[in-house]
Amino acid sequence: MPQTPSHTPDPVVRQVTLLQPLQWLGLAWRDMERAPLPGVLHGLVFTAVAAVALLAARQHFWLLAGAFSGFLLVAPILATGLYAISRALEQGKRPGFGAVVAVWQSGDRRLVGFGLLLALAGTGWVLTSAAAITLLSPRAVLTPMDFIREVMLASDHWLFEAWLLLGGLLAAPVFASSVVAIPLLLDHPKATIRQAVLVSWRCVLANPVAMAFWATLIMLFTLLGLGSLMLGLILVTPMLAHASWHAYRDLVEPAATAAGGRQP
Amino acid sequence: MMFGFTEAQIAQFGMTFGVGAFILYMLFIIFNLAMESKAGKFGTFVLFLVLAFGILGFVAKNVIAWILGI
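Chains C and Z supply the protein sequences, listed in that same order. Residue 32 is where the first sequence starts when you use my numbering, and the numbers rise one by one after that. Residue 8 is where the second sequence starts when you use my numbering, and the numbers rise one by one after that.
Take the hints with a grain of salt, since some may be wrong.
[As the list claims (entries may be wrong)] Computed list of chain C residues with no C-beta within reach of chain Z, every gap over 10 Å: (1) V80; (2) L148; (3) A203; (4) L236; (5) A237; (6) A246; (7) S259.
[What the hints assert, rightly or not] Some but not every residue of chain Z turned toward chain C, in silico, with C-beta under 8 Å: (8) F24; (9) K48; (10) T51; (11) V53; (12) F55; (13) L56; (14) V57; (15) A59; (16) F60; (17) G61; (18) W73.
Hints in this document: simulated from the structure, not taken from any laboratory. Even for Gly, the Cβ is constructed at its ideal location relative to N, Cα and C.
Isolated chain C, as found in the complex:
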């Protein structure tokens, strides 16, 4: 693989055990206990946006089904502030919402660029999903109930299964590109987007089964969050964000110069 010229040496990727993603969730819960406010505020904003989207487009569920699932692709960049909270906690600080504001005020072009790439991938999925549902469903899918009856539970076609398969195939490269990319960009001010994406892929290639398990846990918790009338999202989204920071910490060797990194 060609190496890109960059200002920072390529971080070393580590192997993790299959069940290590469960530890990341445990560590995330500890972060939530130590600094609950930023996480809960993020969760409230995510939930409010999801609720407004549902209210505004409840008669266009063929579009919303993709938008809700596509949210998973874009969420990592929206949670950047919470990675900063986790990092501050492991450095022994007592971070407040100021740490989140500082990240967003930094105007880091790499984060903005990566966010735009994720938004592009998310939009691609929304369009693909909407096209698949409208073209392949024999009956119109307008409301959430239509989606459940005509797509999910319909016994005369396999649209739901095909939709999941398509989603899985499209999600795989996006997940592989982003699993540790944003925490890495935050932690290594001189790393490039390309470098962060390549390290992310190397993490997946070094741990394919554990990473598939981690992606499954993310989907499962998001489903539980959505299934609880979206109220569960208030806790689920910040928890997954903090856990993503710990995933990065375990998957990528801390740089020799990085201050205060948690040693394994």
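Fit chain Z to the known structure of chain C by using the hints.
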């Protein structure tokens, strides 16, 4: 009635355990396939991810059908 359970209940248990065992068996087959076919690390990741999507979808579908009483 058999051992105090109705046929429908036994069928239900059988179905639940049967599906659980089948899912484990699929995991085993996919793992073997990934290893033997040398699908490569990314192939293994994609196989497991798509399988996980399928299992989650299957469970979600059944939970929703059960909640709606269909």
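Hint numbers not upheld by this structure, sorted from lowest to highest: 3, 4, 5, 6, 8 and 18
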